[in-house]
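Colleague: The lines below spell out each chain.
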Amino acid sequence: MLDKLGFGIILTPDNRSKAYIQKLLSSHIFPDVIVFMNNNIPEKTYSDEIIEISRKNGFDISKSVKNVLNENNFTYTEFDFVDINHPELINFIKKNREEYYIFTGGGILKNEILNLDVKFVHLHPGLVPKYRGSTCFYYSIVNEGSAGVTAFIMNKGLDTGDIVYQKIFEKPRHKFLDEIYDPYIRSETLVDVISQNLLNKQNFKKQNSREGETYFIIHPVLKHIAILSCITND
Amino acid sequence: MVNSSYTYSDGNLLKNPQKYQMTPFLDKNFLDDYQRTRINYLEKISKFEKIELEKIIHNINQKDMQDDRSSKFNSVTSIMLFDVLTALINDENNNFDIIDKFIKKFETKKLIFSKYDDNLQPISNECSEIRNYLLLATICVFKFKNSKNLKYLNTLLKINDTICSQINSIDNSIDASLCNIVITNEQNFITDLIQKKC
Chain A
1 MLDKLGFGII
11 LTPDNRSKAY
21 IQKLLSSHIF
31 PDVIVFMNNN
41 IPEKTYSDEI
51 IEISRKNGFD
61 ISKSVKNVLN
71 ENNFTYTEFD
81 FVDINHPELI
91 NFIKKNREEY
101 YIFTGGGILK
111 NEILNLDVKF
121 VHLHPGLVPK
131 YRGSTCFYYS
141 IVNEGSAGVT
151 AFIMNKGLDT
161 GDIVYQKIFE
171 KPRHKFLDEI
181 YDPYIRSETL
191 VDVISQNLLN
201 KQNFKKQNSR
211 EGETYFIIHP
221 VLKHIAILSC
231 ITND
Chain B
235 MVNSSYTYSD
245 GNLLKNPQKY
255 QMTPFLDKNF
265 LDDYQRTRIN
275 YLEKISKFEK
285 IELEKIIHNI
295 NQKDMQDDRS
305 SKFNSVTSIM
315 LFDVLTALIN
325 DENNNFDIID
335 KFIKKFETKK
345 LIFSKYDDNL
355 QPISNECSEI
365 RNYLLLATIC
375 VFKFKNSKNL
385 KYLNTLLKIN
395 DTICSQINSI
405 DNSIDASLCN
415 IVITNEQNFI
425 TDLIQKKC
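As given, the protein sequences belong to chains A and B, one line each in that order. The numbering used here numbers the first residue of the first sequence as 1 and each following residue consecutively. The numbering used here numbers the first residue of the second sequence as 235 and each following residue consecutively.
Please keep in mind that the hints were generated in silico from the structure rather than gathered at the bench. Warning: the hint list may mix true and false statements.
Below, a list of computed lysine-lysine pairs in the BS3-like style, where the Cα atoms sit at most 25 Å apart [stated by the list, open to error]:
| id | chain 1 | residue 1 | chain 2 | residue 2 |
| --- | --- | --- | --- | --- |
| 1 | A | K110 | B | K379 |
| 2 | B | K379 | A | K130 |
| 3 | A | K156 | B | K343 |
Just a few of them, taken from the derived set where beta-carbon distance is under 7 Å, the chain B residues facing chain A [what the hints assert, rightly or not]:
| id | residue |
| --- | --- |
| 4 | F259 |
| 5 | I401 |
| 6 | L427 |
The beta carbon of each residue, even a glycine, is placed where N, CA and C say it ideally should be.
Could you build all of it, start to finish, from the sequences and the hints given here?
Modeller: Set out below in structure tokens:
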């Protein structure tokens, strides 16, 4: 019988969740509760090149979340929707209270779910407060040649919650930033957070929401410059 | 503009604004296509006289002094943006929080409305006034030049996509000159970034 770690995870059918569950598994970390929001979108197929690079980064992009859960005999609860604010999910969390749930992303948490006596942890691909916004790692790569991840407790603001942990990563040497690099840096940070027991230590750092910068969705020209800067020899 | 991989200024972006979400990575040729596409748009307005920015500001101010202010501007938004731009050019020690608030507004809907209330909520459905897009783009040029903050270059690229999609509605030398200024500056910024980073 494994000790309870005090956290659950909410997975979705995407590359980020693939990296999260595979990295946790390979680090022998088993969440107490696993929720899989699965709207059964067709699984994408990937080239040999991207599969090989994903494996080098510690997860296999060709393996679906559901297959990984089933092959490893995880106990999980599956919903046929992908909506973090769905009443059925809220009811489930009310009945399966964990102190923390890892939120894999996609959508803003509304008051009803935020007001539950549960803390949601988000792995944001930027060092806040300097880099806020969902595509901020591209800006960071152009500006600094690196990107960071912040694990924080979600609140009503945009990337303004209390900071659990931050980690910096070198820019990658491949072009698959959305597919591999983003899930890679977030999942590596997640493993650090859990393996170092940082949630239970509760040594969180408050953010000043007025500090820093929010970067909007990156324009394709800047995105190309960021990616080309990764695959061009220095 | 045939066979270009740069399609982000295609169509009527005032009717169907770009969302720019999860855009695909192509290859380095994409950046060449972007540069060529922008140049092609500039050629469409090359028949107009090119006026320097200082002269544009001076001309608008002159008319402003002679006439009732509101009659010289099509909208309240254009008055506000013009005032902000003038203050930026004159390096006045103003509080420019309004610029970031306005950029956030544009980034949300990719449109600029002709009237906003004091809380920057749109109180008009009119969003086709090209001068407003040109003024905000010019403000972004100054903000990026001064700060090197990519946030402003990012918004400049998006506004200029919208302006290019409306290039045929430009019918006077002032707007054509502003268009030339914002696109030429944008291209110089991008060329510089490519040289430094790629």
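Colleague: Work down the list of hints and note, for each, if the structure agrees.
Modeller: The hints, checked one at a time:
no.: 1; hint: K110/A / K379/B; result: violated, 39 Å
no.: 2; hint: K379/B / K130/A; result: holds, 20 Å
no.: 3; hint: K156/A / K343/B; result: holds, 21 Å
no.: 4; hint: F259; result: holds, 5 Å
no.: 5; hint: I401; result: violated, 18 Å
no.: 6; hint: L427; result: holds, 5 Å
Consistency note: the structure conflicts with the earlier hints numbered 1 and 5.
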